[in-house]
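The listed protein sequences correspond, in order, to chains A and B. In terms of my numbering, the first sequence opens at residue 3 and continues consecutively. In terms of my numbering, the second sequence opens at residue 210 and continues consecutively.
Honestly, the hints are just simulated from the structure, not real lab data. None of the values given here were measured: they were computed from a predicted structure. There's no promise every hint is true.
Chain B side only, calculated, beta carbon under 8 Å to chain A, not exhaustive [unchecked claim]: (1) LYS211; (2) VAL224; (3) ILE228; (4) SER286; (5) TYR395; (6) SER397; (7) LEU398; (8) ILE401; (9) LYS406; (10) GLU440.
Okay, derived cross-link-like pairs now, DSBU-like style, lysine-lysine, Cα gap no bigger than 35 Å in a straight line [said to hold, decoys possible]: (11) LYS211(B) <-> LYS457(B); (12) LYS291(B) <-> LYS261(A); (13) LYS322(A) <-> LYS399(B); (14) LYS211(B) <-> LYS67(A); (15) LYS67(A) <-> LYS241(B); (16) LYS399(B) <-> LYS291(B); (17) LYS261(B) <-> LYS406(B); (18) LYS405(B) <-> LYS296(B); (19) LYS256(A) <-> LYS294(A); (20) LYS406(B) <-> LYS135(A); (21) LYS291(B) <-> LYS58(A).
Glycine is no exception: its CB is placed at the ideal position from the N, C-alpha and C atoms.
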Amino acid sequence: MAASDTTADPHLASPQLTPRPDDLFGIDAALTEEERAIRDNVRRWVDEQVLPIIGKAYLDGRSPKELVPGMAELGMFGANLPEEYGCAGLSNVAYGLIMQELERGDSGLRSLASVQGSLVMFPIFAFGSEEQKRHWLPRMARGEVIGCFGLTEPDYGSNPSGMITRARQQADGSWIINGAKMWITNGSTAHLAVIWAKTGDDTSDTSIRGFLVPTGTTGFSARDQKGKLSLRASDTSELVLADVRVPADAILPKSNGLKSPLMCLTNARYGISWGVMGAALACYEEARRYSKTRVMFNGPIGGTQIQQVRLADMLTEIVKGQLMALHVGRMKDLGTYSPVQVSILKRNNVNVATNIAREARRLLGGNGILAEYASMRHMANLESVYTYEGTHDVHSLIIGQAITGMNAF
Amino acid sequence: MKIAVCIKRVPDMDVRFKIAASGTAVDEAGLKYDMSDFDGYAAEAALQVNEKGGGGEVTALCLGPDAVQETLRKALSMGIDKAVHLKCDAVPFDGWAIAQALAAQLGGGGYDLILFGRMSIDSSNQSVGPMVAELLGLPCVTAASRLDVSGGTGKAQRELEGASETVEFPLPAVVSIDEGVARPRYPSLKGIMAAKKKPLEVKPAQLGAVTVTVTTMELPPERNAGRIIGEGPDMVPELVRLLQTEAKVL
Ligand SMILES: Cc1cc2nc3c(=O)[nH]c(=O)nc-3n(C[C@H](O)[C@H](O)[C@H](O)COP(=O)(O)OP(=O)(O)OC[C@H]3O[C@@H](n4cnc5c(N)ncnc54)[C@H](O)[C@@H]3O)c2cc1C
């Protein structure tokens, strides 16, 4: 059987598949049988468990935490980390497809999973001690422990190297952490926070280390950030650390300078780049369906040239974005990808997704502004995604530096 | 318990499909395939019987061309232990031909319970399960919406128009499953990866002679556009008259 044999064809994982009306560009042929099965399984879960409730959760400004056990049971948390720590041990491409399907539901739900997997489980896996890995990773994979990632501060967003948060080691080996973090996804409900803090020379980012701080620790507080008009179905919080004392073994021993949190971000950005294609797909599908049933003047609006141009542009950008993500994913699986590739990918895919969501909203006319439809929710959500994990501008500067060799930050 | 569940790979009927050039089948180009809905319920019922009853083994069977192995692996990813692919070039329409191939494989297999979906959603014959029961000389219950097994006896609930009934039968037996038993579980992502490593045996299907064939297949006629006969309460008598005389629905 060649169905899932990636060596059978150097280009296509499933050469037996031909394009279908719902897969015009034949993306499925580039995926293995397992990858398609994983995607379809998560898609069914999102259709049945997320879509019926997400519109109301968004309006209520509530993160649908009741979905966490179901996500854990399927194995979505840290799905690309090894099985020996209780994770699913999937490829990065499969992980990306999970993110795509989750974000077809809502960017907030995907954010919850991205933070849990790429920003908390990943640093424990990459920089943690064996005891830290054995203690935290299985609990986080089971969804019993939810994590958050505290890097950004009120005065240091795009430039985290300037962070003010400090960890000072005491004579008994323990650490005392002081500082404030802002815009922290999952902050209010997390059980465990990965806090990035300077441990030595204040003027250098090489002293930045990661700490595992249980959120019940004295001196730690989290406050929900109210008044968001985007990512409303996600917790976003401000963290305050006032003389928070953690034991000597709370430090992530292999974390080393600003490059450690940036490695986490590279991982998360890869997943986000798939994720936003899910949001774009949801908008495209909604627009496609609507265009066939909404009759104005003499027939369905889908029969007009203007709306067909819209739909053609949407589909084209989606398949381009998916193929870019797939290319980076395959290279990530081989261990040959680079952070600048991820910058190119994140910058492009989020940008096109925001445009697709806006065009879908416009195609829907008045209905497009209702929460009953998904496009405007996605459109508003994607503005957060455009800003977090390195703003669009910041990625332009990373790419520009790689092209010219000149630093424009 | 040793349970067999027979599943069919069918096209996803939610998409618009076309009739093939032969005029006797749907055009397979551009269709997406999956396990028939009711067979998903049957697979779930098989797993639950063993989970409640303290273990056993579930085997999934599927008849068809090589592509059906993907559907068998889906069953394996749900937790089914092993799979048998009864290989043939195409699945005949005639349930009798299929039933003979399945019975040849199932007979002598020592199964306590053989499950089917109530019907396949593509051909809607509802016949293969009862035919296999007949060929194997086993009791048969169709369209069970609940299934319980204990001590060599099975109990099934069936939904009738406005009532439900419970029937009892000795094992081994053949049961076809309706929706109503728990929804098919989501395979875990690990389960999907593990499915490839589970046993999948391929055997030639010993199809019986085909006696029934499809001669024509056609799509329903396009519905005519609706007609507005007027507005307001004054029009009700006319509407009633047309529904009685023209549409003949009253
Ligand atoms: C919903 C949400 C969730 C988030 N979750 C997390 C989280 O879980 N953990 C976490 O640590 N952080 C999180 N963030 C923070 C996010 O990463 C920051 O918002 C982001 O890095 C931008 O920082 P800033 O908001 O301070 O904007 P600023 O850095 O102040 O940027 C303002 C503007 O200036 C531009 N700009 C900045 N520098 C330059 C330059 N050199 N040249 C040209 N233009 C420039 C930016 O592109 C932007 O347009 C989250 C943010 C949001 C909105």
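Do the hints match the structure? See the list:
{"no.": "1", "hint": "LYS211", "in the structure": "violated, 27 Å"}
{"no.": "2", "hint": "VAL224", "in the structure": "holds, 7 Å"}
{"no.": "3", "hint": "ILE228", "in the structure": "violated, 16 Å"}
{"no.": "4", "hint": "SER286", "in the structure": "holds, 7 Å"}
{"no.": "5", "hint": "TYR395", "in the structure": "holds, 5 Å"}
{"no.": "6", "hint": "SER397", "in the structure": "holds, 5 Å"}
{"no.": "7", "hint": "LEU398", "in the structure": "holds, 4 Å"}
{"no.": "8", "hint": "ILE401", "in the structure": "holds, 5 Å"}
{"no.": "9", "hint": "LYS406", "in the structure": "violated, 11 Å"}
{"no.": "10", "hint": "GLU440", "in the structure": "violated, 20 Å"}
{"no.": "11", "hint": "LYS211(B) <-> LYS457(B)", "in the structure": "violated, 53 Å"}
{"no.": "12", "hint": "LYS291(B) <-> LYS261(A)", "in the structure": "violated, 47 Å"}
{"no.": "13", "hint": "LYS322(A) <-> LYS399(B)", "in the structure": "holds, 29 Å"}
{"no.": "14", "hint": "LYS211(B) <-> LYS67(A)", "in the structure": "violated, 39 Å"}
{"no.": "15", "hint": "LYS67(A) <-> LYS241(B)", "in the structure": "holds, 33 Å"}
{"no.": "16", "hint": "LYS399(B) <-> LYS291(B)", "in the structure": "holds, 16 Å"}
{"no.": "17", "hint": "LYS261(B) <-> LYS406(B)", "in the structure": "holds, 25 Å"}
{"no.": "18", "hint": "LYS405(B) <-> LYS296(B)", "in the structure": "holds, 18 Å"}
{"no.": "19", "hint": "LYS256(A) <-> LYS294(A)", "in the structure": "violated, 55 Å"}
{"no.": "20", "hint": "LYS406(B) <-> LYS135(A)", "in the structure": "holds, 28 Å"}
{"no.": "21", "hint": "LYS291(B) <-> LYS58(A)", "in the structure": "violated, 42 Å"}
Hint compliance for this structure: hints 1, 3, 9, 10, 11, 12, 14, 19, 21 are not met, and every other hint is.
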